[in-house]
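Enquirer: Spelled out, the chains give:
Protein chains: 10
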Amino acid sequence: MLYHVKMDVKIPLDMPKETADAIKATEKAYSQELQRQGKWRHLWRISGQYANISIFDVDNHEELHTILQGLPLYPYMSLEITPLNRHPSSIKEDDS
Amino acid sequence: MLYHVKMDVKIPLDMPKETADAIKATEKAYSQELQRQGKWRHLWRISGQYANISIFDVDNHEELHTILQGLPLYPYMSLEITPLNRHPSSIKEDDS
Amino acid sequence: MLYHVKMDVKIPLDMPKETADAIKATEKAYSQELQRQGKWRHLWRISGQYANISIFDVDNHEELHTILQGLPLYPYMSLEITPLNRHPSSIKEDDS
Amino acid sequence: MLYHVKMDVKIPLDMPKETADAIKATEKAYSQELQRQGKWRHLWRISGQYANISIFDVDNHEELHTILQGLPLYPYMSLEITPLNRHPSSIKEDDS
Amino acid sequence: MLYHVKMDVKIPLDMPKETADAIKATEKAYSQELQRQGKWRHLWRISGQYANISIFDVDNHEELHTILQGLPLYPYMSLEITPLNRHPSSIKEDDS
Amino acid sequence: MLYHVKMDVKIPLDMPKETADAIKATEKAYSQELQRQGKWRHLWRISGQYANISIFDVDNHEELHTILQGLPLYPYMSLEITPLNRHPSSIKEDDS
Amino acid sequence: MLYHVKMDVKIPLDMPKETADAIKATEKAYSQELQRQGKWRHLWRISGQYANISIFDVDNHEELHTILQGLPLYPYMSLEITPLNRHPSSIKEDDS
Amino acid sequence: MLYHVKMDVKIPLDMPKETADAIKATEKAYSQELQRQGKWRHLWRISGQYANISIFDVDNHEELHTILQGLPLYPYMSLEITPLNRHPSSIKEDDS
Amino acid sequence: MLYHVKMDVKIPLDMPKETADAIKATEKAYSQELQRQGKWRHLWRISGQYANISIFDVDNHEELHTILQGLPLYPYMSLEITPLNRHPSSIKEDDS
Amino acid sequence: MLYHVKMDVKIPLDMPKETADAIKATEKAYSQELQRQGKWRHLWRISGQYANISIFDVDNHEELHTILQGLPLYPYMSLEITPLNRHPSSIKEDDS
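Residue numbers (numbering that gives the first Met the number 0), protein chains in the order written: chain A, 0 to 95; chain B, 0 to 95; chain C, 0 to 95; chain D, 0 to 95; chain E, 0 to 95; chain F, 0 to 95; chain G, 0 to 95; chain H, 0 to 95; chain I, 0 to 95; chain J, 0 to 95.
Because the hints were derived from the structure by calculation, they are not lab data.
Built from N, CA and C at the ideal position, the CB exists for glycine as well.
Careful, some of the hints might be misleading.
Subject to a maximum C-alpha distance of 35 Å in a straight line, what follows is the list of computed DSBU-like cross-link-like pairs (lysine-lysine) [said to hold, decoys possible]:
1. Lys27(J) to Lys27(I)
2. Lys27(G) to Lys5(I)
3. Lys23(A) to Lys91(J)
4. Lys38(A) to Lys91(A)
5. Lys27(C) to Lys38(C)
6. Lys38(C) to Lys16(B)
7. Lys9(C) to Lys91(E)
8. Lys9(F) to Lys91(E)
9. Lys91(C) to Lys16(C)
10. Lys91(F) to Lys16(D)
11. Lys38(A) to Lys38(B)
12. Lys16(G) to Lys23(I)
13. Lys27(C) to Lys91(C)
14. Lys38(I) to Lys91(H)
15. Lys23(C) to Lys9(C)
16. Lys38(I) to Lys16(I)
17. Lys16(J) to Lys38(I)
18. Lys5(H) to Lys9(E)
19. Lys5(C) to Lys23(E)
20. Lys27(B) to Lys5(B)
21. Lys23(H) to Lys9(F)
22. Lys91(I) to Lys27(J)
23. Lys9(H) to Lys27(H)
24. Lys16(G) to Lys38(G)
25. Lys9(C) to Lys27(E)
26. Lys5(G) to Lys5(J)
Heads up, incomplete: computed chain B residues facing chain I, CB under 10 Å, no partners named [to be verified]:
27. Tyr2
28. Leu63
29. His64
Throw the hints in and build the complete structure from the sequences for me.
Expert: Below, the structure is given as structure tokens:
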């Protein structure tokens, strides 16, 4: 099942650069592992923002929640979640 | 170049059903032709809404505008457009 | 899987009363059939509003969309959908 | 009488983990006691958010206020309260 | 139990004056009867607006809903409802 | 002249409890003195919020401003002020 | 006593030009009479908008309401009203 | 040329009282000098708020910007600026 | 003096195509004449919207208002106006 | 390709003046270099705000993102990005 997730990241201005870099590196590894598993199907950066738009393909709400809560940047994010359906006009196999 | 487009459709309540059906059929054909050309890369319905989220892959703003303005449902839509970049953590070939 | 749905109904002021009454009667039957099937798990009116809050228990986004789109009052509604998870502190069996 | 309550929790980023964990444990016990008493009738997590949706069944506004103000996480929450009525189309005994 | 209700009235510009006057007269009688019964405890006009702020004293949500839905101007109103408690600093007998 | 005032209080999370308690005690005395003088005509708590709705009966804007600015909790409040008129349908003597 | 009033005018697109012109002429006369009486102390157009900002100097809310309700364009306006006080730093005699 | 400016002031709660008082005193002198020069034509306090509404009469945007940026409280303010025209119905000489 | 203007156009769905085309043709001629005069300095379409962003270079608010009010599409537009200053970091001669 | 970018700057009140001045000086040099290269085509200050409106002319979203992310003030900014097309009514050579 597909979910559209918008993640806005706001790292506190006073977090030491090394701490921030370490969190971001863990985040990257975490994200890439989920991409390899096919759970995190798409990941795009919003131009000019510290924000991304992602498409998740998971079994249910529970799995989505567990994945999002596990994001190393989760405490610094605000999230918007939109359930997606296959569109009756889509001809793409991977749009559902 | 990628653009994230959210389309909300509001067909006037007093439009005759046949007119609406004809417009929707043209819209579907138009959309599928653009999908076949690779310009309209993804198309998802937002659950429970007469709205979709789409990813377009076009040469520039001009091409995007021409495509959107050509939508048979364009007069009944409100549109939100967000430019997308490849995300540095993406490992997907088709995310850019 | 659970979804929280808020439905706001706005029937056009110039719709004949009999038409409105007929739609509402069909809506009621449709809703009660889904309640009997266990799909529409809860249904409450928001005090003082022509609006309700509902909890749906369906297999996936697709089933939710089909049910909502089938509502006789759907053309006159605006809908807000929120996916729900079991809460780790809940002790109720029927909260998931 | 039923009330729909949405609770958004925002724990300060600099609260020590032990303090936060202690508050959350007390919150859980407090919530489960009220569930056992039948006052806190439903409790769901909003997917991907540190937020919940709850249905309270209490005698009056006063009792609701006392319960909410007693929440160990109350100082870190923002709350939205919506009074609910039995819906004329509901066939569920426990929807009022 | 007390409820704070804000009512904004928007009568369609093309409603004949006599129809509007008739509805308003019925509304006035309806409101005054409820004031006499003590259900509609306060009623103020918002300066410069076709809107009022009211305090209702009713047994429960159900009674409030029935009263509001019975307002002759109800189809032309938008309503905001806020449950009120006695304030611990109030010394007025009639503030609860 | 009547004014409807909504006060939302947000005391900083790091204010020592004794300081907060002292301010609240002064606030209570200040409010009750004004109630006794008839200036602060009604005072209700909004259920589940650290907020109140008040009706002031003062000579003019100036007096209202002086009273509000004198509130011990004023630095921690946000305020919304709405001038009120007697409603033509009110039958209550004390609604103006 | 001073009130800041922002008036936004939205005349229906299908009102005949002569009707609109007649209403506007009456509005102008009404406004100028009130200016001569000193009740409508200032009147400015917002650049590029069919909207104005006005300062009224009236005895009380009641008088303000009566004046505003009497505006020939009142049915086509939305109004925002803000009570104003003399500012402690003002040196202008006519700022109160 | 006239500009309508709304200034909302939010002084940090932890600024020492003497610092705040010193800034406010400088602000007052600065404002009064500009009033004497005729640049700051009107200045009113919004009732119950730490905010004002001002009318500036300056040569151009540049002069307005220089004046506002020079306000001692500028770092603690949020500002809304609205260009004003003479209103065709105004009969006041000093409304342009 | 420079003004940033955002124009959103909403032509009623039931306006006959010829009427709309005639208005748009007049609008184009009007706009191009002002561009030739140097008053309408820049004009861009917002991608995917029936909306534009324009920079006007006029003598004062009055001239801006007269130009905007004269737009053939003015009755169907909503407008946002922002005064602009030369930026201290600009090196462009034509940015002021 | 053209992008309209609105930048709002909020430097923390407790940043030492020398630090802020150093960042601003670097920002100015960075901006002027990009103006010389023709990438940052226009730059205006919004009157009365610590904010600017800019027009960028870059090859694609990627180049825009890289430029914006490189702004020395980027961590203190919020950004709004709007893709722009040549307007069919524009007669200016440099509007595309």
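Enquirer: Hint by hint, say whether it matches the structure.
Expert: Results for each hint:
1. Lys27(J) to Lys27(I): 38 Å, violated
2. Lys27(G) to Lys5(I): At roughly 29 Å apart (the allowed maximum being 35 Å), Lys5(I) and Lys27(G) satisfy the hint.
3. Lys23(A) to Lys91(J): Given pair Lys23(A), Lys91(J) is violated - Cα atoms ~45 Å apart, limit 35 Å.
4. Lys38(A) to Lys91(A): With Cα atoms ~18 Å apart, Lys38(A) and Lys91(A) stay inside 35 Å; holds.
5. Lys27(C) to Lys38(C): Roughly 15 Å between the alpha carbons, so the hint for Lys27(C) and Lys38(C) holds.
6. Lys38(C) to Lys16(B): 30 Å, holds
7. Lys9(C) to Lys91(E): 40 Å, violated
8. Lys9(F) to Lys91(E): Distance ~25 Å between Lys9(F) and Lys91(E) Cα, so the pair holds.
9. Lys91(C) to Lys16(C): 42 Å, violated
10. Lys91(F) to Lys16(D): 56 Å, violated
11. Lys38(A) to Lys38(B): 25 Å, holds
12. Lys16(G) to Lys23(I): Status holds; Cα separation ~21 Å.
13. Lys27(C) to Lys91(C): 28 Å, holds
14. Lys38(I) to Lys91(H): Satisfied, since the Cα-Cα distance of roughly 30 Å is no more than 35 Å.
15. Lys23(C) to Lys9(C): The given pair, whose Cα atoms are some 12 Å apart, holds under the 35 Å limit.
16. Lys38(I) to Lys16(I): Since the Cα atoms of Lys38(I) and Lys16(I) sit roughly 30 Å apart, the hinted pair holds (cutoff 35 Å).
17. Lys16(J) to Lys38(I): 40 Å, violated
18. Lys5(H) to Lys9(E): 29 Å, holds
19. Lys5(C) to Lys23(E): Given that 35 Å is the threshold and the Cα spacing comes to 31 Å, the pair holds.
20. Lys27(B) to Lys5(B): 16 Å, holds
21. Lys23(H) to Lys9(F): Holds, at roughly 24 Å.
22. Lys91(I) to Lys27(J): Holds, at about 13 Å.
23. Lys9(H) to Lys27(H): 16 Å, holds
24. Lys16(G) to Lys38(G): 30 Å, holds
25. Lys9(C) to Lys27(E): With a Cα-Cα distance of about 25 Å, the restraint between Lys9(C) and Lys27(E) holds, given a limit of 35 Å.
26. Lys5(G) to Lys5(J): Holds. Lys5(G) to Lys5(J) sits at ~27 Å (cutoff 35 Å).
27. Tyr2: Holds. Min distance 8 Å.
28. Leu63: 6 Å, holds
29. His64: 5 Å, holds
Hint violations for this structure: numbers 1, 3, 7, 9, 10 and 17, all remaining hints satisfied.
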